[in-house]
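Make a model of the complete structure from these sequences and hints.
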Amino acid sequence: MRRVTTLLSRLSIRWMLAIWSSILLCVLFLSYNGVQYFVINRWMLHQEQIALHKNMEEIQGYFRAENGTAERIAGSRSFMESINGNHQLIRILDVRGNPVLTVSAQLPEEWVKPQVSTKTTTDSIWHEEEHLLIVRSPLRTSKFSGTIEIVNNLASSDQLSDLLLGVMIAGWLGAIVISGIGGVFLSRQLLRPIQSLRDTMTSIKQKGLQERVHISGSNDELAQLARVFNDLMDQLEASFYSQKQFVEDASHELRTPISIIEGHISLLSRWGKHDPVILEESLNVSVQELGRLKGIVNELLELTRAEEKSREQYDFPCIARDTLQYTLRNFALLHPDFHFTQNLDEIDGTVIHIVPNHLEQILLILLDNAVKYSGATRTITINGVVQESRLHIRVEDCGIGVPEEDLPLLFQRFYRVDKSRSREQGGSGLGLAIAERLVARYSGSITLSSIPGQGTAVTLSFPVVE
1 MRRVTTLLSR LSIRWMLAIW SSILLCVLFL SYNGVQYFVI NRWMLHQEQI
51 ALHKNMEEIQ GYFRAENGTA ERIAGSRSFM ESINGNHQLI RILDVRGNPV
101 LTVSAQLPEE WVKPQVSTKT TTDSIWHEEE HLLIVRSPLR TSKFSGTIEI
151 VNNLASSDQL SDLLLGVMIA GWLGAIVISG IGGVFLSRQL LRPIQSLRDT
201 MTSIKQKGLQ ERVHISGSND ELAQLARVFN DLMDQLEASF YSQKQFVEDA
251 SHELRTPISI IEGHISLLSR WGKHDPVILE ESLNVSVQEL GRLKGIVNEL
301 LELTRAEEKS REQYDFPCIA RDTLQYTLRN FALLHPDFHF TQNLDEIDGT
351 VIHIVPNHLE QILLILLDNA VKYSGATRTI TINGVVQESR LHIRVEDCGI
401 GVPEEDLPLL FQRFYRVDKS RSREQGGSGL GLAIAERLVA RYSGSITLSS
451 IPGQGTAVTL SFPVVE
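Each residue of the sequence shown is one higher than the one before, starting from 1 at the first, in our numbering.
Calculated from the structure, these hints are not laboratory results. Just so it is clear, the structure is predicted and the values come from calculations on it, not from any experiment. Keep in mind that a hint or two might mislead.
[Claimed, not checked] Simulated crosslink set (DSS-like; lysine-lysine; CA at most 25 Å straight-line):
id: 1; residue 1: 207; residue 2: 294
id: 2; residue 1: 143; residue 2: 207
id: 3; residue 1: 119; residue 2: 207
id: 4; residue 1: 205; residue 2: 143
id: 5; residue 1: 244; residue 2: 273
id: 6; residue 1: 205; residue 2: 244
id: 7; residue 1: 244; residue 2: 207
[What the hints assert, rightly or not] Ranges of calculated distance between the beta carbons of each label pair, as one might list FRET restraints:
id: 8; residue 1: 316; residue 2: 240; range: 47 to 55 Å
id: 9; residue 1: 110; residue 2: 81; range: 16 to 24 Å
id: 10; residue 1: 329; residue 2: 255; range: 51 to 59 Å
id: 11; residue 1: 27; residue 2: 108; range: 40 to 48 Å
id: 12; residue 1: 234; residue 2: 351; range: 36 to 44 Å
Ideal Cβ positions, reconstructed from N, Cα and C, are used throughout, including at glycine.
In structure tokens:
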């Protein structure tokens with residue numbers, strides 16, 4: 001048994017399905033044929049019994065009507081022969097079991113021993129290979145008392161049963177073959193989507209993430225599995241290329257300050273350390289670039305934290321106006337040459353679900369960008385309104401603006417508009433990416449609008465706590 005189990009465990013799912021479906025169909029077919037064979041056999045035997053009992057009643061009625069004696073019974077051979085059928089024996093016994101009259105048609109009398117019976121009985125016996133059905137019943141008249149025996153050879157019924165059994169066995173064997181072929185075909189059809197999935201996985205391993213599973217027009221579970229797999233691969237491919245682009249962008253951004261620091265250190269190691277002017281300049285540039293490098297690393301960490309999805313439900317009630325005014329007041333102290341205008345009266349008492357530090361961080365990113373690219377007009381406006389159960393915060397500057405074709409790209413990591421966002425103005429191109437992810441974390445949205453030469457407006461939207 002263990003060897004069979006081990007062998008089955010090594011088979012593929014296709015063959016397992018074919019084998020088990022064939023076994024199931026064969027067991028069902030065998031059970032059905034067995035029940036059918038048993039019922040038909042019992043029915044045929046019952047029909048033979050009915051026929052013999054009918055003959056028995058006819059004989060008893062005849063002799064009772066005749067009120068026959070033993071002599072008259074012995075002389076009624078012609079009547080008995082008319083009732084007796086093929087392969088049948090009728091025998092009348094006296095009270096001592098001696099035959100009074102025996103009528104036989106191709107059934108030897110010695111096959112069945114005479115036996116007196118006081119009640120009607122039915123027996124089924126075998127004489128060598130012959131199947132016999134015997135009905136015995138008492139016969140009583142005013143002048144005679146004995147037993148009637150009717151014996152019927154069931155050879156024809158047995159032949160029919162054997163023929164039926166042969167047909168059933170042949171049908172069962174045919175069912176094994178047909179169910180085996182059908183099982184293989186059915187398993188092949190059922191496993192075709194899985195094989196396609198396997199082939200696609202192999203192709204992905206060899207060719208890359210762009211391969212997809214072909215989906216048929218059906219909507220069964222396997223087709224749904226293929227759709228889920230394709231969706232998963234779409235997300236995985238997008239994530240892979242996003243990470244690849246991120247690594248490339250990060251490497252590019254980190255390479256510049258590292259190269260500058262390396263150049264100045266090489267200069268100092270060769271001859272610059274002996275020149276106080278060169279030494280001072282190289283140290284200042286190195287410190288400046290190290291600060292820039294530190295800023296990039298910190299912003300990368302902030303971006304990673306912003307992209308993380310915490311398991312805890314954020315439920316931090318934040319009074320928006322207080323946080324905005326606090327942030328704006330502190331930021332204005334750092335930039336006394338700028339004029340900040342705020343219109344926040346409409347959102348007095350408005351509460352949103354966000355960590356106050358995160359709202360402050362988002363606002364600082366937007367204000368910092370507004371200051372960097374403000375141009376000659378150094379006015380920045382912050383407006384707040386509540387519309388349709390959402391808080392809208394709008395930060396506007398009167399700066400150099402952004403071309404329309406660049407607006408969708410501003411939330412990409414490390415993206416800069418080449419003409420206006422040079423490294424000389426500072427920044428790493430990560431601020432808006434961090435802001436977007438923080439806003440999305442609290443079911444919010446962020447949009448930009450800009451007119452080159454006139455300024456840029458950034459709008460934040462958050463659901464209001466009712």
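Okay, the hints, checked on the actual structure:
no. : hint                   : verdict
1   : 207 to 294             : violated (39 Å)
2   : 143 to 207             : violated (107 Å)
3   : 119 to 207             : violated (91 Å)
4   : 205 to 143             : violated (104 Å)
5   : 244 to 273             : violated (40 Å)
6   : 205 to 244             : holds (18 Å)
7   : 244 to 207             : holds (17 Å)
8   : 316 to 240: 47 to 55 Å : violated (34 Å)
9   : 110 to 81: 16 to 24 Å  : holds (20 Å)
10  : 329 to 255: 51 to 59 Å : violated (39 Å)
11  : 27 to 108: 40 to 48 Å  : holds (44 Å)
12  : 234 to 351: 36 to 44 Å : holds (38 Å)
Going down the numbered hints, you'll see the structure goes against 1, 2, 3, 4, 5, 8 and 10, while the others check out.
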